[in-house]
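So the sequence lines, in the order shown, correspond to chains U and A. Number 49 in this note's numbering belongs to position 49 of the first sequence; there are no gaps in the numbering. Number 291 in this note's numbering belongs to position 291 of the second sequence; there are no gaps in the numbering.
These are calculated hints, taken from the structure and not from any lab test. Each hint should be verified, as a subset may be incorrect.
[What the hints assert, rightly or not] EDC-like, lysine to aspartate or glutamate: derived pairs with alpha carbons at most 16 Å apart:
| hint | chain 1 | residue 1 | chain 2 | residue 2 |
| --- | --- | --- | --- | --- |
| 1 | U | K99 | U | E339 |
| 2 | U | K98 | A | D39 |
| 3 | U | K75 | A | D39 |
[Stated by the list, open to error] Which chain A residues face chain U? A few, computed with CB under 7 Å, are given here:
| hint | residue |
| --- | --- |
| 4 | L17 |
| 5 | G60 |
| 6 | N172 |
| 7 | T364 |
| 8 | T368 |
Yeah, the Cβ is synthetic: ideal placement off N, Cα and C, and Gly gets one too.
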Amino acid sequence: MIGENYKDLAAFSVREAGKLGASYAEARIQGSVGSGFLLKNGEPQPSMLGDSFGMGIRVICGGALAFGATNNLEKAAVRALTTKTVRMAKGSAPLVKKKVRLEDSPAVHLKVVAPEKEKIEGADAAWLKALLLDMDRKIQAGKGAKIPNRILIASSELDEKYYINSDGSEVESRIPRISFFGILTAIEGGEVAQRMIQQAETGGLEVVKRLGLVSKVVEEARILRQVIAKASKLRPGVMDVILSPELSGIAAHESVGHPQEADRVLGREGAQAGESYLKKSSLGFMVGSKEANISDDPTLIHSNGYAPVDDEGVKATKRMLITAGRVTEFLQNRSTAAELKARNNGSARSTDFNREPIIRMSNTFVEPGDYTTEELVKEVKDGLYFKSFTEWNIDDKRLNQRYVGLEAYRIKNGEVGEMVKAPVLEITTPALWGSVKGRSKRLEFEAAVCGKGDPMQGIPVWTGGPDTLLGHVRIGTR
Amino acid sequence: MDPIELNERGMKVAKKLGVDDAVLQSVSGTEHMVRFANDSLSVAKRTDESVVSVYLAKDGKRIVGGSTNTSDERLADFIGRLYKTMVNLSKEAVFVPLPSTRRRFDSPGTFDKKLGALEEEVPELAADAIEAAREAGARRSAGSLEASVATSHILTSNGTSGHGTSSNIELNIRSFTDRNASGHGLSCSASLRDFKPVEAGRRAGSHAKRMLNSKKPEAGKYDLLLSPTVAANLISLVGGFASAYSVEAGLSYLVDKMGKKVASENFNLTDHGRAPGCLEATSFDDEGMPTQSTKIIEDGVVKSYLHNLTTAKKFKTETTGNAGLIDPDCWNLEVGAGDSGYEEMVKEMKHGIVLTSNWYTRFTNYRTGEFSTVPRDGTYLVENGRVTKPLSGLRISDSLERIFSSVKLLSKEREWIQWWEVDTPTLTPWVLVEGVDVTRAYGSSA
Numbered sequence: 001m002i003g004e005n006y007k008d009l010a011a012f013s014v015r016e017a018g019k020l021g022a023s024y025a026e027a028r029i030q031g032s033v034g035s036g037f038l039l040k041n042g043e044p045q046p047s048m049l050g051d052s053f054g055m056g057i058r059v060i061c062g063g064a065l066a067f068g069a070t071n072n073l074e075k076a077a078v079r080a081l082t083t084k085t086v087r088m089a090k091g092s093a094p095l096v097k098k099k100v101r102l103e104d105s106p107a108v109h110l111k112v113v114a115p116e117k118e119k120i121e122g123a124d125a126a127w128l129k130a131l132l133l134d135m136d137r138k139i140q141a142g143k144g145a146k147i148p149n150r151i152l153i154a155s156s157e158l159d160e161k162y163y164i165n166s167d168g169s170e171v172e173s174r175i176p177r178i179s180f181f182g183i184l185t186a187i188e189g190g191e192v193a194q195r196m197i198q199q200a201e202t203g204g205l206e207v208v209k210r211l212g213l214v215s216k217v218v219e220e221a222r223i224l225r226q227v228i229a230k231a232s233k234l235r236p237g238v239m240d241v242i243l244s245p246e247l248s249g250i251a252a253h254e255s256v257g258h259p260q261e262a263d264r265v266l267g268r269e270g271a272q273a274g275e276s277y278l279k280k281s282s283l284g285f286m287v288g289s290k291e292a293n294i295s296d297d298p299t300l301i302h303s304n305g306y307a308p309v310d311d312e313g314v315k316a317t318k319r320m321l322i323t324a325g326r327v328t329e330f331l332q333n334r335s336t337a338a339e340l341k342a343r344n345n346g347s348a349r350s351t352d353f354n355r356e357p358i359i360r361m362s363n364t365f366v367e368p369g370d371y372t373t374e375e376l377v378k379e380v381k382d383g384l385y386f387k388s389f390t391e392w393n394i395d396d397k398r399l400n401q402r403y404v405g406l407e408a409y410r411i412k413n414g415e416v417g418e419m420v421k422a423p424v425l426e427i428t429t430p431a432l433w434g435s436v437k438g439r440s441k442r443l444e445f446e447a448a449v450c451g452k453g454d455p456m457q458g459i460p461v462w463t464g465g466p467d468t469l470l471g472h473v474r475i476g477t478r
Numbered sequence: 001m002d003p004i005e006l007n008e009r010g011m012k013v014a015k016k017l018g019v020d021d022a023v024l025q026s027v028s029g030t031e032h033m034v035r036f037a038n039d040s041l042s043v044a045k046r047t048d049e050s051v052v053s054v055y056l057a058k059d060g061k062r063i064v065g066g067s068t069n070t071s072d073e074r075l076a077d078f079i080g081r082l083y084k085t086m087v088n089l090s091k092e093a094v095f096v097p098l099p100s101t102r103r104r105f106d107s108p109g110t111f112d113k114k115l116g117a118l119e120e121e122v123p124e125l126a127a128d129a130i131e132a133a134r135e136a137g138a139r140r141s142a143g144s145l146e147a148s149v150a151t152s153h154i155l156t157s158n159g160t161s162g163h164g165t166s167s168n169i170e171l172n173i174r175s176f177t178d179r180n181a182s183g184h185g186l187s188c189s190a191s192l193r194d195f196k197p198v199e200a201g202r203r204a205g206s207h208a209k210r211m212l213n214s215k216k217p218e219a220g221k222y223d224l225l226l227s228p229t230v231a232a233n234l235i236s237l238v239g240g241f242a243s244a245y246s247v248e249a250g251l252s253y254l255v256d257k258m259g260k261k262v263a264s265e266n267f268n269l270t271d272h273g274r275a276p277g278c279l280e281a282t283s284f285d286d287e288g289m290p291t292q293s294t295k296i297i298e299d300g301v302v303k304s305y306l307h308n309l310t311t312a313k314k315f316k317t318e319t320t321g322n323a324g325l326i327d328p329d330c331w332n333l334e335v336g337a338g339d340s341g342y343e344e345m346v347k348e349m350k351h352g353i354v355l356t357s358n359w360y361t362r363f364t365n366y367r368t369g370e371f372s373t374v375p376r377d378g379t380y381l382v383e384n385g386r387v388t389k390p391l392s393g394l395r396i397s398d399s400l401e402r403i404f405s406s407v408k409l410l411s412k413e414r415e416w417i418q419w420w421e422v423d424t425p426t427l428t429p430w431v432l433v434e435g436v437d438v439t440r441a442y443g444s445s446a
């Protein structure tokens, strides 16, 4: 955990800012140590180690917000940064038309330690390398099309923070995480298929077993070979579609989580990540069928987006984003909650000491339903089972989205049939969530890194859901 | 923290450990940023940071690391951990020692010291852009303005050393007249003299006004006139695909394309390490080798991939001074100018679309270069050589090779682009491309 001398330094900065006239101040000491190993086409690459440590502070003076960061943690440097940050806030106040106010979240004193059975420190380069070599051997042992290009990256990271603010909150955290990213390229007879795989959880060495990481990746390699060998061209048309947990999750993240970030709704991300098709007044607005239920939960143990206390010192809670088709909650931080007079659900997160906390998703998912997957398939006379995707994107209001399939099958008369190539679901957000007819019981998650902010902050999240049945949607092909 | 002092401290530790090769590279700088939304300043930011990158090699093994934890004790500990980790790993399949030639590099001389003393002016420059946008028709604007200066230093175990000072100022402004009507403007420069916030604001405001009452187009094939902002997004991706590392990894549509035609004959793409006017000029790369200008595509034909010492050995060629200790990368990209004007290019289009900004470019497959991207802000239908109406809700879906093989015209006028969607500074003209696939989402809007 962060040393007492650094905690004193954070408290010193908060006190100094107050003396200089800040009505609010916070300081965050954050350190992150990581190891990474990359196997390229079976060839080990130089190992990578990272060590980041520094302090970020935020102050409010006269309704103007300023953020300062440094990795020089000598007392004189922290004093200088604090002075400059307060001066910056005061200097910019004349150009602030809408003053920043913070809602009165209760002060917390918490120590957050993500569960970890086998200490993350054991996941050094040699351990990561052994994991990837084993995985690579098993991928290559598979029968069928060649997979000549295999990028396999495994990494371990330990993120530690100490946070204190002038409203009395004090939070300490230790979050270990194991991540995997891979790109497999299968080639045969002029056909090329590519699969990106991302898996991550918070925890120690046990994450690899808990995820069943090696067998998952080997299974993806097997499916990729089948795509090359078996997938046939699909005739575009209107049909029922079952979205797998992977597809349900990305759709929930992109077209529900993002547009329900309150800072986007209020225009703060307008020039970069964009705004939202929803307005301040959209709470209660119907954007889906009664079967559309989507949540974001930062408290899920082992999750990639585990953040039970946010980076404003607020205890985070599960957010019901869409309930029975209606918009029920936005993701909030202290300033948006004050402006919208809403409950603050503790969504402010920061990736490093040198980044300001902004509103982020954690683990966004379609809530599971009552069906089994088999029962959902039986519901479909003529349709598609959309299991994994490659290309995807969405406009910056989060209204027009597209997902291009990799693993997908025709469904005929309630039976999963032939594999089809590159189906395209290109659909508006209300049309997508308005067509939900049923959900399976199984709930699964994929890992992702979500980009937002300026400077950019890539933050770990989970996306997930059950199998989700959409009725009568238009499917094209690439 | 002084980068020279950081490197000397680090090198002392590395040599004591008995490494064969070491490279210490430190960058120290200050960054000021303001962000604004709804014409109001939302936050002012300042970052004072020093980062040290370390490369060690011994007995054919290599390791790299990066740290902001730069106190005496922690830096020594970090280098010690790097060394310990490296010696426990196996030898590399291809190992290239650092060359014995000792070099000295000077700064490329693109530094504008005024950008280091802009703390008070940054909010005012943003206010100038907001006001210009409002005068041009914007109801509200959002954006960011960032000014930074940095000093870098490199020291290698063979005695090569070099330093560089760099400066950068970048404005990104987006104006709105309605929820569905927006315009984008940007200005980026290495000097205050060439920074044009008012022009960028005016452009954003003017597009926002013209975009009122936009309609979804029909899906189909269109000629596309790509603004420098849109062209730079795609070209910077081509630059990344030219990295020999991406080619070797099979993650590039330029695999096996050396000497082959991948673009129209009028298309030329060059990477510059330190040419005059570059936004991110550097005299040396991360291996302490001199940077240069490298023709990636000449007259539509692939002339060179981008290399560091290791990829150059694998490809049996010379480094192009683009290290990246693991993955070579481009520094500053330049697309050759054409001889057309904007009006002339619009007149050439029978059934086309003018695009001024885009985001969220994602690939189906890096190996084939198939992708889609989402246009946003000023987007206009062109019918029989005339701009007729604003469009929204569309998507470009094609492949990089097909797009750059269908370049009909390039403009004389070129612009440097660097912003949220374009990491590598790119100097590019307007680009007219024939017959590109345009799609749209179906279903109602909210």
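Now for the hints, and whether the structure bears them out:
For the proposed pair U:K99 and U:E339, the alpha carbon gap of about 10 Å is at most 16 Å, so the pair holds. Restraint check for U:K98 and A:D39: satisfied, since their Cα atoms lie roughly 9 Å apart, inside the 16 Å limit. Restraint check for U:K75 and A:D39: the C-alpha separation of about 37 Å exceeds 16 Å, so the hint is violated. With a cut of 7 Å, the hint placing A:L17 at the interface with chain U is violated, because the nearest CB-to-CB distance is about 15 Å.
Checking A:G60 against chain U: minimum C-beta separation of about 11 Å lies over 7 Å; hint violated. Hint status for A:N172: holds, given a least beta-carbon distance of 5 Å to chain U, under 7 Å. At its closest, the beta carbon of A:T364 sits 4 Å from a beta carbon of chain U; the interface hint therefore holds under the 7 Å criterion. At its closest, the beta carbon of A:T368 sits 6 Å from a beta carbon of chain U; the interface hint therefore holds under the 7 Å criterion.
Going through the hint list in order, the structure does not satisfy hints 3, 4, 5.
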